[in-house]
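Let the sequences and hints guide you as you build the complete structure.
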Amino acid sequence: MKRGPLDDDVRDSRRKLLAGLAASAAGALAGCTRAMAAQSTAPVAATSGSRRRWGLVIDLDRCARCGGCVVACQQENNVAPAGSDAAARMRPIHWMDFLPAAPGSSSATPIPCMHCEDPPCVKVCPVGATYKTEEGITAQIWERCIGCRYCMVACPYARRYFNWSEPRWPGDVSSLNPDVAPRPRGVVEKCTLCHHRIRAALERARVDEEPLTDETLRRLPACAQSCPTLAITFGDLADPESEVARLAASPRAVRLLPEAGTRPKVIYLRETK
Amino acid sequence: MSHPRGRIVLLVAVVASFAGMAGARRSPAGDTRQPLPMSHKRHITKDMKCRACHQGVEGEAMASFPTLADCMDCHKTPQGKEPAEPEVRAFVARGQDLTWVRLNRLAGHVYFSHAAHVTLASMKCEECHRDMKAVDQAPTEPDIHAQMSDCVACHRSKHASLDCLACHK
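Sequences listed follow chains A and B, in order.
If you count by the numbering used here, then the first sequence holds residues 1 to 273, one letter each, in order.
If you count by the numbering used here, then the second sequence holds residues 1001 to 1169, one letter each, in order.
There's no promise every hint is true.
In the SDA-like style, the derived pairs of lysine to any residue whose C-alpha atoms are separated by at most 20 Å in a straight line are [said to hold, decoys possible]:
| id | chain 1 | residue 1 | chain 2 | residue 2 |
| --- | --- | --- | --- | --- |
| 1 | A | Lys-132 | B | Tyr-1111 |
| 2 | B | Lys-1169 | A | Val-173 |
| 3 | B | Lys-1081 | B | Pro-1037 |
| 4 | B | Lys-1169 | A | Gln-75 |
| 5 | B | Lys-1169 | A | His-196 |
| 6 | B | Lys-1133 | B | Asp-1031 |
| 7 | B | Lys-1169 | A | Asp-85 |
| 8 | A | Lys-132 | B | Pro-1037 |
| 9 | A | Lys-132 | B | Cys-1167 |
| 10 | A | Lys-132 | B | Val-1110 |
| 11 | B | Lys-1169 | A | Gly-68 |
| 12 | B | Lys-1169 | A | Glu-271 |
Calculated from the structure, these hints are not laboratory results.
Shown next, in the form of structure tokens:
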């Protein structure tokens, strides 16, 4: 059987457990050359059936660390800017954020939700507000969320945020994106891989009776669309013809915290320097 | 007893009020928040389908409302004899736009798509809305009071999506 980018990587699980995410990033980005070299020999293949697996590849060689993706994500998804109060309490919300530079990596790393194949956050939600969609997105239904925050504790990547206060936007609420519902106080929110754009693209293709091509998908999420160096690529990891699948098969491909067994669908291409 | 002039005034008043009622019957007001009293019944014909005015209904999520320019395709010249009809041109003369009041509005966290139902599922408007061909006045109340269970019941029976993210945003 061919190995897919989503298959459990046995080598990954053998890697020693690292203390924190930054340390893990360091390991993943710099310390795993041997494992990565081995991985490069594994061909990319579609997983069974035609089920889509949405994912991102982030090329750290291309990434200029400009932060454009962070801003674009915030605008697109109606993430309220933290007031000085929230900022002082270290409570700003960033679905896409930069983590401190990992040792061995030249600088900070942009990190959205990993959309794990085996998401620990989903297992702990007592009300089913978070679940994995058939196409592999870790979804969160704000209306259902009761704000218990178990999922925040469970997420090894700290990619979930609690709304400690009612969101406030500068200016008029009519400037908000109508495709994304604002989250009220008391619920947890997270990256959706710009699901609203995926949903619209799928619907558009069906209504117009046009095939949904990899070209239209590659820059679909706001982060990928805004990236000036084209470091972020989106697409169907289960489609062997897709750009993401091709990139995910690179010898430079690494995943964050592989030892957590979460099998992220956000894949990094570590720096070559 | 009463002055003959008073009787005439009364008579005029009575006649005027009947005329007023007849006028009301001929050009119905309906929802007075709408910029113009427009009758669906008079407009929906063989050549005038819903999509002529609700242009998004087949290809977009929102059905959308017509603009003054859409009305002027016909109303550049007088149409019929209804008293409200010249009002259409009066809007153009005043340089005013038509801002229709929208009645049906699902909760802000719900995604609904007309294209998915009208085009992909080939559904008729009347499966969800009142029969507009019979509506002579601008409706004052929404005609859809959807609970999640209503959407889900039909989706289940027609094997449409039950994924939370299909309908939620």
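Each hint, compared with the structure:
no. : hint                     : result
1   : A/Lys-132 to B/Tyr-1111  : holds, 19 Å
2   : B/Lys-1169 to A/Val-173  : holds, 17 Å
3   : B/Lys-1081 to B/Pro-1037 : holds, 14 Å
4   : B/Lys-1169 to A/Gln-75   : holds, 15 Å
5   : B/Lys-1169 to A/His-196  : holds, 7 Å
6   : B/Lys-1133 to B/Asp-1031 : holds, 17 Å
7   : B/Lys-1169 to A/Asp-85   : violated, 28 Å
8   : A/Lys-132 to B/Pro-1037  : violated, 49 Å
9   : A/Lys-132 to B/Cys-1167  : holds, 15 Å
10  : A/Lys-132 to B/Val-1110  : holds, 19 Å
11  : B/Lys-1169 to A/Gly-68   : violated, 24 Å
12  : B/Lys-1169 to A/Glu-271  : violated, 36 Å
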